[in-house]
Amino acid sequence: MTITINHFLVVSFLLFSIGLLGVLVRRNFLTVLMSVELMLNAVNLNLIAFSRRLSDLTGQVFSVFVITIAAGEAAIGLALTISLFRQRRTLNVEDANTMQG
Amino acid sequence: MKVSASDWLLLSPELFLTAAGLLILSISAFFDKAKEEFLAFLTLLFVGVAIGLVAFLSGYGGRGAPIFAGMFIVDNFAIFFKLLMLVSIALTVLASIQFVGRAPYPAGDYYALLLFTGVGMLFMVSGNNLVSIYVALELMALSSYILAGYFKLEIKSTEAALKYFVLGAFSSGVLLYGLSLVYGIAGRMGLPDLAKLFESQAKSNLLLVGILLILAGLLFKIAAVPFHVWTPDVYEGSPTPVTAFFSVGPKLAAYAILARIFYVGFPKFHADWGLIIALVSAATMVFGNVAALLQTNVKRMLAYSSIAHAGYALMGVLGFRTEFGLWGILVYLLAYTFMNFGVFALVVFLETKGYAAESVADFNGLARRNMTAAVVMLVFLLSLAGIPPTAGFIGKYYLFTSAMKAGYAWLAVLAVLMSALSLFYYFRIAAAMFFSEAEGAPLKSSYALTAAVLICAAATVIVGVAPQPFVEMLRACVIKAP
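Taken in order, these protein sequences are the chains called A and V. Going by our numbering, the first sequence opens with residue 77, and the numbers climb by one from there. Going by our numbering, the second sequence opens with residue 1010, and the numbers climb by one from there.
No wet-lab data here; the hints were simulated from the structure. As the structure is a prediction and not an experimental result, all values here were calculated from the model. Treat each hint with caution, since some may be false.
Straight-line alpha carbon distances no greater than 20 Å define the calculated EDC-like cross-link-like pairs of lysine to aspartate or glutamate that follow [claimed, not checked]:
1) K1489(V) - D1118(V)
2) K1165(V) - D132(A)
3) K1161(V) - D1016(V)
4) K1205(V) - D132(A)
5) K1362(V) - E1208(V)
6) K1414(V) - E1360(V)
7) K1165(V) - E1360(V)
8) K1161(V) - E1332(V)
9) K1165(V) - E170(A)
10) K1161(V) - D132(A)
11) K1489(V) - D1084(V)
12) K1212(V) - D1281(V)
Only chain A is shown next, with the shape it has when bound in the complex (with noise of 0.2 Å):
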């Protein structure tokens, strides 16, 4: 069996439903950012399957971009996981309800 692009498809779909429901079910604010992490993963995934098959580079240039800003994104959420810490003890993200209505 060869892998074709569809594989990779079907993978980097998986792999954003993944981080989607973890994003939207997970209580831990730790597993949310993973579960990010999953979703721009996939979507590098997808980039680079794309960029082999057209033979193009803006793909992998692309992902190099979103790899970088991913970084970013997780030094944000590390140091609001810490700010939150040491307000609540807790990671839980139901737990950040002070604001209702």
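Fit chain V to the given chain A structure using the hints.
Same frame as chain A, now just chain V:
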């Protein structure tokens, strides 16, 4: 790829602001004694220089063509948005001075982040390629997450940042997945190239999914229904000058790039995205107005009101290939920036006086304690409701006309009804200011905040009373649909 000197010149406002932000960051890192007022003044000065640079570029002959190998374009449309955004940043600095000065956090970080958000916004409206647009959007988003959580020892601010971050990262993931699908089908990222390619290609479902995901990601930034859930919490929890900024600056960038991506990149599919945007616009204005009517917390009420206004503004994107085009949304955003910022600036004023601005009761008797503030607030509220002779009326007039011309008469009728409904909750604040009993001494405002509010009020009144020169000028700023 050849980069000429004129390319660098055309991006000079962005490059200058980047350097300015880094400079402010270093000053506050190396000189502990640097006064907050000094940093604010420096920021204001840099934004002023950037406004000067953009104004210079508006008369520069080399603009209008793609630069940096098609990555960016500096056309009249981009220049209008850049000026408006820079003005909104300057207003934010003026509104922040007292508020941030009292807080026990380094002011240098605040002003530097404000400038970096600005750099992202400026790059975004000039984006002509999906890669540059995405990177600029993230620069704006990442800086604004930190701004929302700037009061890091206050639980509300941290929570606002957390919610903004999670939902923001989520939406940019969705946007990015859409971009990757479009890339996979088209094999290119430049907006004009995409349009050219699609002209000769059959519609594919995968492509439509990609376009839909991009639209969803951008609607999140605009806070349109059903992607609005973050707005009330983030607006309530963030430091109020930051809220004022969020309600105009990043939204301007998102409207601009929504219009550019869909007008320049996907003109062939306008029947599909046009209908979706019309439905989203209707849902957004109904939900925003009804939810605002039920709110008692002022900051949340204004958050819902700005959701409702996002619904009106989306009508301005519908005029695709009509004689109006984007004219309506440009006129409206000019009005919206000043009136919405003005309203939030007055909430900042009450907060610096020790009122939480939580409930409408905080506005009780404002007319007797500071007549100017009450009258100016009334002007903003009338403008938000769309009563002549204010800028809000002119903006809405152009928006509704453009929706009619595009064949969405039902949407225009709905918008008029919803504007009438919005009078009720705006009137609650007005009634509290003028008809409730006052207690306590007169309230005095700081000079900087007064300046910010008066600039907003002057713009709201001038655009409302003498709209002709502004409206004519904006006619030259629209993007022509191919």
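Going through the hints against the structure:
no. : hint                : verdict
1   : K1489(V) - D1118(V) : violated, 40 Å
2   : K1165(V) - D132(A)  : violated, 47 Å
3   : K1161(V) - D1016(V) : violated, 40 Å
4   : K1205(V) - D132(A)  : holds, 18 Å
5   : K1362(V) - E1208(V) : violated, 59 Å
6   : K1414(V) - E1360(V) : violated, 43 Å
7   : K1165(V) - E1360(V) : holds, 15 Å
8   : K1161(V) - E1332(V) : violated, 49 Å
9   : K1165(V) - E170(A)  : holds, 14 Å
10  : K1161(V) - D132(A)  : violated, 44 Å
11  : K1489(V) - D1084(V) : holds, 11 Å
12  : K1212(V) - D1281(V) : holds, 11 Å
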